[in-house]
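**Q** Below are the chains, spelled out letter by letter.
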Amino acid sequence: MRKESFDETFLARWVAGELTPEETHAFKESKHYLEYKRINEGMDLLEIPSYNHEANLAKLYNTIDTKANTTKVKKLIPYWVYRVAVVLIVALGILFFNRTNDYETNYGEQEIVTLPDNSKVYLNANSILDFNKNNWANNRVLDFNGEAFFDVEKGTKFSVKSEEGLVEVLGTEFNIISREDYFEVKCHEGKVKVSTLNENNTTTTTILTVGDAFRVVENMVEKWKFKEDKPTWLDGESSFKDVPLTQVIKSLENQYNLDVNSSSVDLNKRFTGSFTHNDVKIALQTVFGPMHISYSIDNDNTITLK
Amino acid sequence: MDKKSVCEKKNYEIIFNNYSESMRNYMYYKCGDLQQAEDLVQDAFIKLWNNCEKVIFEKAKSYLFTLANNAFFNEVAHKKVVLNHQKLNLKVSTNETPQFILEEKEFMAKLTRAIDSLPPKQREVFLLSRIDKKKYAEIAEITGISVKAVEKRMSQALVILREKIGNV
Numbered sequence: 001m002r003k004e005s006f007d008e009t010f011l012a013r014w015v016a017g018e019l020t021p022e023e024t025h026a027f028k029e030s031k032h033y034l035e036y037k038r039i040n041e042g043m044d045l046l047e048i049p050s051y052n053h054e055a056n057l058a059k060l061y062n063t064i065d066t067k068a069n070t071t072k073v074k075k076l077i078p079y080w081v082y083r084v085a086v087v088l089i090v091a092l093g094i095l096f097f098n099r100t101n102d103y104e105t106n107y108g109e110q111e112i113v114t115l116p117d118n119s120k121v122y123l124n125a126n127s128i129l130d131f132n133k134n135n136w137a138n139n140r141v142l143d144f145n146g147e148a149f150f151d152v153e154k155g156t157k158f159s160v161k162s163e164e165g166l167v168e169v170l171g172t173e174f175n176i177i178s179r180e181d182y183f184e185v186k187c188h189e190g191k192v193k194v195s196t197l198n199e200n201n202t203t204t205t206t207i208l209t210v211g212d213a214f215r216v217v218e219n220m221v222e223k224w225k226f227k228e229d230k231p232t233w234l235d236g237e238s239s240f241k242d243v244p245l246t247q248v249i250k251s252l253e254n255q256y257n258l259d260v261n262s263s264s265v266d267l268n269k270r271f272t273g274s275f276t277h278n279d280v281k282i283a284l285q286t287v288f289g290p291m292h293i294s295y296s297i298d299n300d301n302t303i304t305l306k
Numbered sequence: 001m002d003k004k005s006v007c008e009k010k011n012y013e014i015i016f017n018n019y020s021e022s023m024r025n026y027m028y029y030k031c032g033d034l035q036q037a038e039d040l041v042q043d044a045f046i047k048l049w050n051n052c053e054k055v056i057f058e059k060a061k062s063y064l065f066t067l068a069n070n071a072f073f074n075e076v077a078h079k080k081v082v083l084n085h086q087k088l089n090l091k092v093s094t095n096e097t098p099q100f101i102l103e104e105k106e107f108m109a110k111l112t113r114a115i116d117s118l119p120p121k122q123r124e125v126f127l128l129s130r131i132d133k134k135k136y137a138e139i140a141e142i143t144g145i146s147v148k149a150v151e152k153r154m155s156q157a158l159v160i161l162r163e164k165i166g167n168v
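Going down the list, the sequences are from chains A and B. At position 191 of the first sequence (counting the first as 1) the number is 191 in the numbering used here, and the numbers step up by one without a gap. At position 2 of the second sequence (counting the first as 1) the number is 2 in the numbering used here, and the numbers step up by one without a gap.
Don't read these hints as lab results, they were simulated from the structure. Cβ atoms here follow ideal geometry from the backbone N, Cα and C, with glycine treated the same way. Treat each hint with caution, since some may be false.
As the list claims (entries may be wrong) - Heads up, simulated DMTMM-like pairs for lysine to aspartate or glutamate below, C-alpha to C-alpha not over 20 Å straight-line:
1) B:K148 - A:E104
2) B:K134 - A:E18
3) B:K133 - A:D259
4) B:K105 - A:E41
5) B:K121 - A:E199
6) A:K31 - B:E141
7) B:K148 - A:D259
8) B:K121 - A:E180
9) B:K61 - A:E104
10) A:K250 - B:E141
11) A:K59 - B:E163
12) B:K9 - A:E54
13) B:K148 - A:E18
14) B:K10 - A:E180
15) B:K134 - A:E47
16) B:K47 - A:E104
Said to hold, decoys possible - What follows is a set of in silico ranges between Cβ atoms, one per label pair, in the way DEER data are often shown:
17) A:T20 - B:K133: 45 to 53 Å
18) A:E111 - B:R113: 42 to 50 Å
19) A:D65 - B:V147: 36 to 44 Å
20) B:K9 - A:V141: 39 to 47 Å
21) B:P120 - A:L267: 17 to 25 Å
Excised from the complex, chain A in its bound form:
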């Protein structure tokens, strides 16, 4: 008999009071019910240090005002000058200095972003990119989430920070996928250094050269070699090698703005293959066909797997 005979979201739904009467009854009869009940009730007795809104807001304003006042130039220019158009000096104040550029692709969208040093970032669907334009040459750092291909000009260290990992290079081409619980880096040219955080809070650093691929799935590291010199998704086709089905489904959702209902399917199965960006029906068939999963297309964008 399986150890946990309830599905993987069962306990969460119980805590939230979302179980059906039948499910609740079954749970109450189960072996560990009382233990879970005690844990849940114990949580009601716990709290963390309280948060002082006023004090923190005051501290924030203090820092903001201090920063605004440290520019010597501002003190020398009389107030009335701000009303006069032009004055570039004012524009150089702190308000502009930390200005960041923010790019975001929607479902099914792709975008090419050219950075100030002519490096290029090709964003795949449903991805976010954020960086500070000023002082770019000396500080090439980006915040990122989603999937993108980076074509980096030689120069100072180029860093891409995302929740799942940190990628640093000097001048090269690489593809990063950083989505929930899935982190993959493929080096298409040059050399790439990847840092990921382990469960015990130590860091693992890996160096990739041309043709090396690296990924972390459910806290396990996998490495392999690949041949393409550019990712296929740039040419209208997403391809996967031994990728967990969850990730493939997410890519389908991102590309076609779908909502896939997959609760009755084992999402840990691995998929090797690809799907086109140009036809949703063919795309679905090429993914679920080989996996022997049948599906129905409900209303416009909902797919249910069986």
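Given the structure of chain A, go ahead and fit chain B onto it with the hints provided.
**A** Then chain B, alone, in the frame of chain A:
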């Protein structure tokens, strides 16, 4: 059309009052250091102020939590998240025997130790749910994962806690 500007102090303060506490708690659950958590929140709000012209009011929450999630990657230190049970002392009525009270305190100690040993991803979801009382949809927004993933992590946390407490 009514476009709220984040650069207006009144709107900026609305954002602050709505999200700064959640953010601080979330950061605290991640690193276990109250000061560090508060500093990270301050940093994020300063960035927001400096970019107030670029951020749409309705997107401020996602902007802030994305900054928070990314900024955190480089923070390696993890201290213990301190959970107090002041409430326990208040809830105990005079009818309970000293034996019972002692048992309760021991259980709570086991519970807080077990929580601290949870893997980071499960711990943050679990605490956001049971201490901050956030609904799974909101936790999904804060952590940037799907509701289903939140529910999975929540359930995993409970299983691990039960196993840890059961074994002591």
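**Q** Kindly indicate which numbered hints from before are broken by the structure, ordering the numbers from low to high.
**A** Hints 1, 3, 6, 11, 14, 17 and 20 are the ones this structure does not satisfy, whereas the remaining hints hold.
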